[in-house]
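Guided by the hints, dock chain B onto chain A, whose structure is given.
Chains as they are written, first to last, in my numbering: chain A, 1 to 486; chain B, 1 to 486.
No wet-lab data here; the hints were simulated from the structure. Hints may contain errors.
Which copy is meant is left open, so a pair is good if it fits within one copy or across any two.
Below, computed lysine-lysine pairings styled on BS3-like, alpha-carbon distance capped at 30 Å [said to hold, decoys possible]:
hint: 1; residue 1: Lys-113; residue 2: Lys-471
hint: 2; residue 1: Lys-38; residue 2: Lys-409
hint: 3; residue 1: Lys-442; residue 2: Lys-410
hint: 4; residue 1: Lys-426; residue 2: Lys-250
hint: 5; residue 1: Lys-351; residue 2: Lys-262
Note that the structure is a prediction, hence the values are computed from the model and not measured.
Next come the chains, spelled out residue by residue.
2 protein chains.
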Amino acid sequence: MNQNNLEALFKPENIAIVGASGNPAKAGYVILQNLIRKKYPKKIYPVNPGEKEILGLKSYARLSEIKDTVELVVLITPSKMIFSVMEDLDRRMQEKNDVKAIVCAAADYGETKTEEGIRRQEALISTATKYNIRVVGPNCIGVIDNESMVDTTFVETGVPEARFGPRGGVSFISQSGAIAASILMIGASQALPVRFNKFISIGNMADVDFIDLLEYLEHDDTTRVIGMYMEGYRDGRRLIDTMARIVKKKPIVVLKVGRSEKGASAANSHTGSLAGSDRVYDAAFRQYGITRVESIDELMDTLQAFDKLALPQSENLFVLSQAGGPGIFCTDAVSKYPFVKMPGISGETRKKLKESLPPMAVVCVPEGYADITASATVTNHAQSLQLLLEDDKVGGIILITVIPTFLPKKELAQALVNTYSNSRYKYEKPVYFVIMAGDYVKDIRETLERAGICTFDTPDRAVNAAKNMIKYHQYLEEQNSGGECL
Amino acid sequence: MNQNNLEALFKPENIAIVGASGNPAKAGYVILQNLIRKKYPKKIYPVNPGEKEILGLKSYARLSEIKDTVELVVLITPSKMIFSVMEDLDRRMQEKNDVKAIVCAAADYGETKTEEGIRRQEALISTATKYNIRVVGPNCIGVIDNESMVDTTFVETGVPEARFGPRGGVSFISQSGAIAASILMIGASQALPVRFNKFISIGNMADVDFIDLLEYLEHDDTTRVIGMYMEGYRDGRRLIDTMARIVKKKPIVVLKVGRSEKGASAANSHTGSLAGSDRVYDAAFRQYGITRVESIDELMDTLQAFDKLALPQSENLFVLSQAGGPGIFCTDAVSKYPFVKMPGISGETRKKLKESLPPMAVVCVPEGYADITASATVTNHAQSLQLLLEDDKVGGIILITVIPTFLPKKELAQALVNTYSNSRYKYEKPVYFVIMAGDYVKDIRETLERAGICTFDTPDRAVNAAKNMIKYHQYLEEQNSGGECL
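Bound conformation, chain A alone:
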């Protein structure tokens, strides 16, 4: 297959939306609206024989009538129209030969396992193959590229564009449209709404599949970490080989379902995934340094941490808490992972910490732990963080603060930014900031996140991200030392 044409999914010269609609209750309306709202800078051509104009754009009766070049076609027509749409595409290609990619967002194709559905999918793919056009879907929510501002999805997050953070390095591939939509909406609900790098809902994988996209993202310099939701894949061996090669360059984080017998049976009904294959995948993920996560929260947090934080250079994680309860809870959570160590720090750091902190503070009991107490000032927060960053034994830090009503929130944020994200330590050691709790601290978390700090809701969530990063660091170390991994 042609990897070049895959580029047109993300950086197309103009987009046509076949099935664009003037009815706000239709997907063909929301797709058009999303593209306009995102300010996709090239041309957008609605195609709908029943409309003259949609959302201020001239509407065309047929794809073949658009004079301009069109590289990406989004299909959101009723599925039974696929035959006439493909005939028209055929006409266009014979004349202009410009279309390079199709996103077929419509459902009711091969996934129905009905004769008609399979025939419709075959009609789509045979025309596409004839002209070397790449197809994403059918039965997907589409593709997003936040550099080129392509967005073919019909997911409304309700969050204004301006509220989103800067484009990150997380690219995501989802085998489920519902999980894809959920992840977009959960991402948009973070303290600083997450702007993915690239985002692909692959639906039936009638053409473009996991391996195509992984290979594309492998060579995509702005993608720093790859996230995946998967149920199964027809050629597991080749998928694992591909992932194993890529993971040496950038982390891959996978939420794979079908772990249980019942789950595998449900996955089989859904996407025909093989029962029993989960054990094989699980072993391969472990062997090849691929991060498998257990929940959507862990997926989101781990992706953000990999994207924003320096990879730890050791397994030593220090727990620095402003409150006893959350600190102990965090220590329990860290202790679940024997490969994570809470380090003993130098006598000098220990002494300086004790001198700088309130008398009630607990320093290094147990090792790798400090409770700076609720009476800790902004300076206490910043100084203890600084001292620990300077200690060679510390590979990373979980910093927990339950913002008390009386601690000046803005000053605290500024002090943490100065100490960490405006310093060289940002590039040397990961610090996982747990800012408790709830919506009350969303504003301070947004401030920190805009300054490049990675924040978490609760200590256990930070621990999940931290242990995943440490495990990946250890995998890379083993690779580099030529040793065998577990």
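Then chain B, alone, in the frame of chain A:
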């Protein structure tokens, strides 16, 4: 000790705040403000010799100068003033003998393990004991009763009173002020902000402790479920006996830390909890049907579920999903708990489900699972829920819906309310509604919650609540059948 005077913590005849302040940056200001905002209907008496009036209320120089009856005294003065405050209290008691309870929110007492701190705590307790006054704290964030509208905390949630839900049946006891504050703030951040029934941060437990409060809540009819955060307790045997008695009447949900060796060491630095005791607690919790949770999210969700939902009458849990991915993920999560069963339903229900649902729907593959697909209408949601509620094999349901852009949200909410919370099934079978995802669905979740429906963020969170309820049901069954529990 006098259990009657404990009543004055929650239903006091007037409150004095010693250390009330006109400075918004002080705890003595926020406590007063919280009481005023909550519209505590009885008298509030600020005590501060430096002020004439605070927040529109006359301020008194000394506690002994207040003519009116005062049953509850909140202490938020600097700790070194405790001796003169106690002298003044002594004067008042000799004259009026009215004070029944003290909440000492101030810190810098016994928890410092310094001679001065211990002396201050002794001064507080010896005066209180002399007059049979009950003391909560020191070093706590205080007490809330949302019936009497007592609120002695200095936690600002930033959420207007009107946004909170109706007073629930969850009462909570926390050994950590930071965890207590976090839980209040996380509760306030839910789709429908949580209004606890009673809420107590117990701090140093110099007098009122876990057992006093558990026994109070045992007999408190509006408390339907008790939540606890704990690190340790000096008389574990008696605590377990108390909990084991109460749990037969109402569920107890505990987040206990110190599970790991390191965590236990940190807990020991914090509240002097014994290392190694966690194993004993853990075994006792299992033996006596006490629900131990692993995270703050699981704590919040389980408390809400126990409060709002009917206790399941069997271990049979049906997973009804509108989307394959989240449904499979949920099935995996259920499968982690062998004591939860996904039931086979009757042939009749099966047939009716198939007839009513879109052709793509997956019914009972695997058993106990249905995927009604993204093309499911509002009617499909309501009908399938109704059919499953009617089936005798179904003990409870997890209903997952990823609200697509095109499903009318309000109609869906109304249909779910009509089918479930306005029906007898609300009192017979728990339904855990997973409404995905993020802030985008907060409005529909609020609508459902106001109608008495319990909603969840993600499938795994619903599963945690559901399995905890099933385990408790099984414990009660074993008790009633006279059998031995595990």
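Hint check results:
Proximity of Lys-113 and Lys-471 under a CA criterion of 30 Å is satisfied in neither setting, with 41 Å inside one chain copy and 40 Å between copies. In this homomeric assembly, Lys-38 and Lys-409 come within 30 Å of each other (Cα to Cα) only across copies, at 25 Å, whereas the closest approach inside a single copy is 33 Å. Both within a single protomer and between protomers do Lys-442 and Lys-410 lie at most 30 Å apart by alpha-carbon distance, with minima of 12 Å and 28 Å respectively. With identical chains, the CA atoms of Lys-426 and Lys-250 are at most 30 Å apart within one copy only, with a shortest distance of 19 Å there and 49 Å across copies.
In this assembly of identical chains, Lys-351 and Lys-262 lie within 30 Å of each other by CA distance solely across copies; the values are 21 Å between and 55 Å within a copy.
In the structure shown, a violation is registered for the earlier hint numbered 1 alone.
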